[in-house]
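Novice: We have chain A already, so just place chains B and C on it with the hints.
Protein chains in written order, with this note's numbering: chain A, 1 to 769; chain B, 1 to 155; chain C, 1 to 280.
Be a bit skeptical, because a hint or two may be false.
Heads up, incomplete: computed chain B residues facing chain C, CB under 10 angstroms, no partners named [to be verified]:
1. H4
2. N81
3. L112
4. E114
5. P116
6. K124
7. L131
What the hints contain is simulated information worked out from the structure, not anything from laboratory work.
Glycine residues also receive a C-beta, built at the ideal position from the N, C-alpha and C atoms.
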Amino acid sequence: MERQVIGKNVEKIDALALATGQPVYTDDIKLPNTLHIKFLYSPHANAIIEDIDTTVAEKLPGVHMVLTYKNTPQVYHTTAGQGWPEPSPYDTCMFNQHVRFVGDRVAAVAGDSEEIALEALKLIKVKYNVLPAVFDPEEAMKEGAPILHEENPKGVYDAKRNLVAHIEVKAGDVEKGFEEGDVVVEHTFETQFAQHCPIETHATISYLDENGRIVIRSSTQVPFHVRRIVAQVLGIPVSQIRVIKPRIGGGFGTKQEIILEEVCAFVTMKTGRPARAVYSREEEFISARTRHPMKITVKIGAKRDGKFTAIKMYALSNTGAYGTHGLTVASNVGSKTLPLYNKAPDVEFIADVVYTNLPVPGAYRGYGATQGYACLEQAVDMVAEKLGLDPIAIRKINHIRKGETSPIFEALGEGREGVVQYIESEAIDKLLELGAREINFYEKRGKKVRNGSKVRGIGMALVMQGSGIAKIDAGASTIKLNEDGSVNVLYGGTDLGTGLDTVVAQIVGEVLGIDPKKVIVYPSDTDVTPFDKGAYASSGTYISGSAVYNTALKLREEILEVAKDMFGEQDSKDYILKDGFVISPRSGKSVSLSEIAYDTFYVKKQKQIMAVGSFVSESSPPPFAAHFVEIEVDEETGVITPIKYVAAVDCGIVINPELTKGQIIGAIVNGIGYALTEEYKFGENGKVLNPNFMEYRIPSSRDIPDIVPILVETYEPTGPLGAKSVSEININGPVPAIGNALYDALGIRLQSSPYTPDKVLKALKEKRK
Amino acid sequence: MKVHYKINGKDYEFDIYPGKVLLDVLRENGFTEIKGNCYMGTCGACTVLINGTPKTSCTILAAQVNGAEITTVKGLGDILNPHPLQKAFVEKGAVQCGYCTPGTILAAYALLKENPNPTDEEIKKAIDGNLCRCTGYVQQVEAIKYAITLLKEGK
Amino acid sequence: MLKLKNIEECFYPKTIEEAVEILKNSREPLRVVGGGLHLSVYPNPQIKGFIFLNNLGLNYIKEEEGNIKIGATVTINDAAKSDLIKGLFNGNLSSALSSIASELLRNQITFGGSVAQREPYSDIATILLALDADVVYFDGSEHTEKIDEFYKTDFRAKLKEAIIKEVRFKKFDSSYKFGMERHVRNATDIALLNMAMLAQIEENRIKDIIVSYGSRPMPAIRFKALEDFLKGKDLSEAVKEVYNFAKENADVKGDIRRDEQYRRELTGVFAKRLLESFGR
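The shape of chain A in the complex, shown without the other chains (with noise of 0.2 angstroms):
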């Protein structure tokens, strides 16, 4: 079928309107008489709060509302944005009198100014009972250690070993697919605490209409998550709340929480004024979310030919303070890597997902799959050193194919079990082929050239992640048509910044044969557009743009009709939609989409032409990625600089390829910056000590190398148009291809990330011994 729109660069539709200073953000509105809202935290990492005195602040000039758990609701939900029944444990309120991290919310005070906030939290007196803290997950589940959760919430899996999930899922025997494999080699690797820093921090302002119906304007991944989760908090009918969602300055997944609407909320609810919550930066790193630390550990068997018998994987995963996202993070590490070497007969995975004292994990870009990975992809190349083999064959050997299956598809879901599915779109092979040719994998590997003491490696990984969260994501819209051609297209996805408003446009456009220009997209408002789960799992172009793509479908049967009957045709089974016209071929006639908008408004069986349409998807298709990285280590200094990174990546069709490689390479740097300079710093109470950019450090425009990103095309059927999905996928790469690196420019194999160069240094001074 010939593309008029998709694979073409149309301009993001909101771009210009973001590069000439529209004030489009949350913050960007100024309400008059709106209350600002500043939180007191807890400065201990696990304290009750016997008792807390707001007397003095309430009485503060300009102070209107001062909130604890004393005078706010005590209901118990999780604030992880995810589809209902949330699998995510009910452990938290608005407030709670139990805090358990310093950072933990202990009291908010709504008053005219930020100044008279910030004095009046001052005034608020608390006495703690300081109880023991934990911080490590291991002590954490042993006996005796601090229970953080006494209050044993519904959807803790063992809430007196600070369990929020166990997982164990086998297929097969691992013992005896690691007997009957001829080496097994077993890998654990750490990974840290990270930040997913948007420039546009947590933002949420909230007002009552004219009708007293309570309007929350959020910096939100997911507005319908939102709404029914503060209808929940609140104990008010979800009819009441309206959430909009205005353009947001970035989530990578801290966004997919409910944390700053039901105070927000709240506070309008109570005094019927405006109400804003603007997180700081350190409240952004310590108070928002981050990703989950992990110890994971990989066991591979496999024999003299390559072939994998078995693989055992077990992660341990800190979930901090509270169980947001913990189960279904720790599913993914598994679901999202154990697949992609399907060739293991035999296959294990265990997770023990733990409270700690410590700042909340959430979701963060990859959700699991990058821990995993982290871990996984540096044991394949172990595996095939130890064979002799080279680490792209050793993968070819074992990686899924199309019209392939793994046992894990169905033993892991998220939550709920999972769902069988067979490949149907996948390049692997040719992903590796292209990549390790634009960076010469196999000409520079081994070479260990030098210039000085900088030493030069190369090393890869294979990763894939998945499209939507099978049988559970759902999206829905409606398009309408207008006089002049144009629709207007409701929808409930979450454009955060990734295009998926565009993308949605050139989908509507392809199947209605109209330019993109002439769809007007208006997103993510509960009391407009249909529902849809929110920007996470992958799921834009996948699920929210399949919705779009069955509503257009549905519309162009709707023109079709009435083109039929205009024509006087019997039936308009071959009929073309191409440049805003209706083509009969068999007869050349044709007709506008304008004449016939016109004709339905105005002339004869007057009627909008409008449909509805929804998605929910059978599987889950995976994107794949192979990453090769060149990186250059100083032997003195220890300081690994990555030279050139290439990331073949097929992502089943692609709509747009301007803004695919824009997903792809934003995923990269984040990635290496997480494998190489981001970690979060605790002081030993549990303090973050580093909650700004001077020492958080994240990658600027001179810390990039040279990115090359290959497009590979293949065509996957149950996807709109052919497409997947692309923005979580690439972020898993770059740790263990920069880890792989290491070893072939060293030899050496750090045990966690970040690879800061005092581990290099300190590894290579054990090599040496």
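Specialist: Leaving out everything else, chains B and C in the frame of chain A:
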């Protein structure tokens, strides 16, 4: 105290508390195109040009630049009449969430005024104070190079 | 975000004499503001007013009487981009300055401010120590002190009633070489260890040498022991031996950013690399 600025070519007078930083004074007075809240000069989203030099407005005392000429991204172009840099950022996929975009464009603008033919390294250095978490910078550099050709062609 | 809550007055003196008068006569604690960056990152809630230095005309970079003179309100970028600075030491000073922090901060950080605040990670301090620079300050009369000596006094007390006017260093002839090394986590970071060297090399011999290092994590100082060790040595010999000497004699500690062992190692590596660069 009263401060005067010429912002995007227009004269303004504000009555401010002297301890305020420029970012807050400007945003509170409607210049919402200036973003950011790290208040340490580390993210760059609050970048403005002060007498043509790009600086982080979150670390500039409003009182110190009394009388200065300030340029925000709206001073370069607007939605009806965008500046070639703005057009280039749009065309080359350099705008994702857009939150860092105004600041980065101003830094690029200042670079091109001083050095109309920068190398890739010089471009990266000019925008090294503007953190971006979405794009990974590659398309931003491409956009700035494309803007150079647009400017040469007199667009 | 309001970090300074007690500001009552702003002063815009037109001469340095006027500025110092205001500073001396004020009953309230006032803050002299060059670029103002330090004030934002480390706000002092006691301050009641500002003395802005913008109008004092201290933004000159000039060559006078065989000295390079840099006014107190000159920013890092002003200096890095000036032809005069670019012409020194084969551009090494300019490129060292250009690598500090980020473009936006290089447009705000001033020489006067850096000298006055003496942040432990200050690259300006390390550079000026290596260049054997003078600090010129005014407290009613003008004083010129070697920066090394200046920092050994209670300079913060001095600056309560004085304002830095300029820094100056000799315009060294082509027999002098300058270099700087910085350890950073990534490109726009503060230094986690920095070292600068100024060496007079004649016939492959180190005739004279100054070594300074900072962010140890303590503030920058001269590495006198290393200077004595290197003076007079043949450059090639020195390159072979300096790593061990510097490493063993480094006065460095660990902090949350890097441990002592790593700083010690880098001190040796930096010293070796700087000397190697002088031989090229």
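Novice: For which of the previously enumerated hints does the structure constitute a violation, in increasing order of number?
Specialist: 1, 2, 3 and 5
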